[in-house]
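Protein chains in written order, with the working numbering: chain A, 311 to 854; chain B, 1219 to 1325; chain C, 17 to 336; chain D, 1375 to 1594.
In short, the hints are calculated from the structure, not lab data. Just so it is clear, the structure is predicted and the values come from calculations on it, not from any experiment. Some hints here could point you the wrong way.
Here are the computed lysine-lysine pairs in the DSS-like style, where the Cα-Cα straight-line distance is at most 27 Å [stated by the list, open to error]: (1) K298(C) with K255(C); (2) K1277(B) with K1565(D); (3) K1565(D) with K426(A); (4) K1565(D) with K1284(B); (5) K270(C) with K1253(B); (6) K255(C) with K1253(B); (7) K426(A) with K1559(D); (8) K1497(D) with K1277(B); (9) K71(C) with K737(A); (10) K1253(B) with K1497(D); (11) K191(C) with K224(C).
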Amino acid sequence: MSATHEATPPTSELNYLNNGWTWQSWLLTGDHKRIAMLYVISITVFFALGGLFAGAVRLELITPQGDMMDAETYNKMFTMHGVIMVFFFLIPSVPATIGNFLIPIMVGARDLAFPKINLLSWYLYVIGGFCGLYAAAVGGVDTGWTFYTPYSSTYSNSAVIATAMGAFVAGFSSILTGLNFIVTIHKMRAPGMTWGRLPLFVWAHYATSLIQLLGTPVIAITLVLLMLERAFRIGFFDPALGGDPVLFQHLFWFYSHPAVYIMILPGMGVISEIITCFSKKHVFGYHFVAGSSLAIAILGFFVWGHHMFTAGQSTYAGMVFSLITFAVAVPSAVKIFNWTATMYKGSVSYETPMLYAMGFIGLFTIGGVTGVMLATMAIDLHLHDTYFVVAHFHYVMVGGMVMAYMGGMHFWWPKMTGRMYPEHWAKLSAGLVFIGFNLTFFPQFIVGYLGMPRRYHAYPEEFQVFQVLSTAGASVLGVGYLLPLIYFTWSIFKGEKAPPNPYNAKGLEWTVPSPPPTENFRIMPVVNEEVYAYAEQHEEKALV
Amino acid sequence: MEHHVSSTRLYFGIFATLMVCTFLTVFVRMNLGIKSIGIALSIAVVKATLVILYFMHVKYSHVLTKLAVWIAVVFLGILLVMLSMDYASRDWQYHEPGWEKQGVLKN
Amino acid sequence: MRISMNKTLPLLPESASDIAPEIDLLMLAETAFSIFFTGLIFLVVAYFAIKYRRKSEADTPPHIHGSLMLELAWTFIPFVMILGFFVWGTNVYFRAYSAQPNAMEIFVTGKQWMWKVQHPEGPREINELHVPVGRTLKFTMISEDVLHSYYIPAFRMKKDVLPGRYTYFWITPTKVGSYHLFCAEYCGTQHSGMIGTVHVMEQSEYEKWVSGGDESMTARGEQLFSQYGCVTCHLADGKGRGPSLVGVYNSMVKLQSGVVVKADESYFRESILNPRAKIVEKYQAVMPTFQGQISEEGLLQIIAYIKSLEKEEEGGTPQQ
Amino acid sequence: MSEHAAIAHHHHSEEHVAHQFDNALQQYESGNLGMWLFLLTEVMFFGGMFGAYTIYRAWYPEAFEIASSATNIPLGAFNTVVLIVSSLTMALAVQSAQLGKTKRLVWNIILTMVFGTAFLVVKYFEYSEKIGHHHFPGSSFVWETPAPREVQILFCLYFAMTGMHALHMIVGLGIMTWLLVNAIKGVYGPKYYNPVEVSGLYWHFVDIVWIFLFPMLYLI
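Taking the hints into account, I'd like the entire structure generated from these sequences.
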């Protein structure tokens, strides 16, 4: 089916991993694949750290009295959990790792358009991460990841500036990654790789990159103004200085709502790839799945005010935001319907990535429909800032994005490392994650509707049963996440050698060796078949 | 590479127009004493457009570049308009029914 | 103090206000809608996964590109359905946040980490709220420091309490009992301690409670009004250096700039703290600022007094 | 993928073409698009402050009018002229590179830097004047006539916006220095002038920001 196959070099030849062993060859590399691996390592560290903070929060909430740690420590724990998970794990998660690794290969290029800028993004991410760690080391920060003023700018006695600086610097890392992707996708596609032949993973990243470019600078300047207000009392948001605290919320959510789509769109791209591969079928409604990514990215900029229905925002503005929020639910639903339809008359097999993908569909659907509830202004009156909201966005972020990230890591692990992971352990961990996740977060929907506010260190006794269930689930979830860490590490050294295309999947990345050579292709590819041409593959086989 | 090279004359022509615009906007404010947001910002928009079209060569550029400029304008517009929407309509809902009939009180 | 709990259905909080059943009904409808769609997706995925499971590596699934009719159907049908929820939900929300006539007033001041309430009749309370059943209440709220949010789950109602600006909501309690009061907007270390109890009482009991003999807000406001010397300029006959305040509340005031504004609570607050922001037509900007001199509670008392000036004049000839 | 697979066409022999690109045209277009996307983010970066300005201007119209009369219009106008001249020399620098006139390129870069520096020097005097009058917001802020808090908000915006703009100018001067060194070495010519052009785009963008800041902070 492909001429590049014939040119596949023997595995003994150089690939991106064994091409140089020095520190410099990694830390000064321009190779997108090596940078992706640097990201994999660094975001895993932050994921573990964020997970530890979450663990502390969950342990504290077993009892209603707030007796494990004092209120200030608890507030710092959930703040650090939020800051680290949002800015240092979720936002870079899929784009900077799997996206970085695959986008040039998927479009048929030797590298991203600007390899040095790609490396710079990683360094910015690391510097931002160190700012965050510094903040944690000097006593932590207790503003909540949302940094609402005037608490953050005037009243808090914690390391607000260091944390905001961390998020600010990491923001530029995100901008530069998005910039690199858009230029690469526009200008560096292989001959024959038309827009209609781009994998949906690439489409999803294109939409994500647009948000990164247009949204991130707004939070960057907002954080700068916040830091100025805190450091020099240059007033922008504090009413004591003549400012409006609601303006901060507007500017914050102008980025941070679209940022939710930065977190979920790449995951949707991963799911599209996995479902088509393990159903052996062309994605149902390719153009609609691709278009819905763009629709989400653009509509996503019109909905930020739904975080402020009870914040003293005008009810009329709220009405507009609510309406568009309902509208943005539609393209997400379109994706779910199309994925489901892709399985129709397919040949479905249940390897680990597919388990994660099916888990994603279920959990993301729940996250989506509860989002529709919260978009309803009257219901938000009751549910805003309760555990219902916490459960909702964890269903989207963890049930959606983390499931997709895990699914994607399993799917492309053989490609990235040249080794197979142990399938039985992986299936076990996928099951644990699914069960543990639901046990952790489903009770929070109920306790939220009962009226328990979020960010509460101590709480009325009648909510305890739900919090205990949640903590129990979190421990299962924790085991589910630890297992892959262990068997992935094991597989690098002891795993079975992976063939170039272990799943008989379509796409340029499966035509190159595992792991790919430094410049990805020995012979630059020319694309002359449709995307996801699984049926053609079989016709070809039949002819042979 | 075949790329458009603008003539020196064109550059100086644009420069002269920009200067005239700057003079005009200052003249209106300082000599005529008119503080007008409309006039000042309209002149600024004209100047910015000239710089974008000619100094930044957008007039002779790829459609993608033109698209990028429009995206910048549109998304800046989204930010400003949707933001103002809240502030403009904030107090509408707090008026008790029938208050407007009470009329203007003369002190 | 025992908090009233919903015993028949422990998954729903107690429902004790006029909008609570409406929000519950809306929630019920959306839950049904959600279960239908989620269930549909789950079932179809499970069915396809089993029916079309891979039987051999040589399976040859057909090449299906998609279907325009299906795409249009599952784009527009869900959209129209959720539009219904939008209209319904927005309707209820507007009623909850819009002004209601003849409401009894409650003044709330939030500060780290307590809720202070003043009743016009005089009683003041901290982290508690006593209200009569069946009366429409108007909450006027302000914060002394950071953002807070006044949240009564049994009423299905919350509204952020901001520094520097009044926020309001209107609600009618419908059931006697004691309910949780929470701060829902994160406000610092003891955020989870900024809680209290709302006591909804029978009208007669409430009247007994409220006539505790404390001085009324209006009376306190009147004292402040003379203590800060407001009375020397704001003469009732309008001949003072400042405009008369009799009957001004809820009227339209013409400013020097020609703009006409509504004299509501926010207007009075701004005029006390930043007198030069809005100068009434035909008056000079001579009033000093009282920024930082009067507490938020004191401001509410003065405003209550100014509002009462209107009521006293009702029936009589308005002084102009 | 294809029986007619393309032959690898690395144009490593072609000067200045980085390894990931097929040819100079692809590199040129990528660089150009990259800079335009970066400017897109810059627009939104300043956009946040423009949003704050819009809101507070609508909230405190009188205070803003009083405060803007404290800004020095002649100095602001002078700086506007200086920046427009520097934009002209920058445009001429790009043209010189396109035409391969290295000497003219070097001189235009130098002129651009001179005018850019002049802008910053004037800005320095404006800042010291304001700080001398205690118009820098914060604890040292003094405003005699009415509504100091509201007036202070304008000065907060003034210093944040012009400060952020000045920071961009300083970065621009850094880029110009790098361009100058390469231009003297004779790196740029009709076949390779992309760095000059994209640096020019950045420089013009900073100019455009000032074109809006001038009326917003000085004139109205």
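Tested hints:
Between K298(C) and K255(C) the alpha-carbon distance is near 12 Å, which keeps this suggested pair within the 27 Å criterion. In summary, the hint linking K1277(B) to K1565(D) is supported, as the alpha carbons are separated by about 22 Å, within the 27 Å threshold. Taken as a hint, the K1565(D) and K426(A) pair is honoured in the structure, with Cα atoms around 23 Å apart against an allowance of 27 Å. For the hint pairing K1565(D) with K1284(B), the CA-to-CA distance comes to about 24 Å; that is within 27 Å, so the pair holds.
The suggested pairing of K270(C) with K1253(B) holds, with an alpha-carbon distance near 24 Å, which does not exceed 27 Å. The hinted pair formed by K255(C) and K1253(B) fails the criterion: a straight-line CA distance of about 36 Å is larger than 27 Å. Distance hint between K426(A) and K1559(D) is fulfilled; the C-alpha atoms sit about 23 Å from each other, no more than 27 Å. Of the supplied pair hints, the one linking K1497(D) and K1277(B) is violated, its CA atoms being roughly 32 Å apart against a limit of 27 Å.
Taken as a hint, the K71(C) and K737(A) pair is honoured in the structure, with Cα atoms around 20 Å apart against an allowance of 27 Å. A threshold of 27 Å between alpha carbons decides the hint, and for K1253(B) with K1497(D) the separation of about 23 Å falls inside it, so the pair holds. Proximity of K191(C) to K224(C) is assessed by CA-CA distance (about 18 Å); at most 27 Å being required, the pair is judged to hold.
Consistency note: the structure conflicts with the earlier hints numbered 6, 8.
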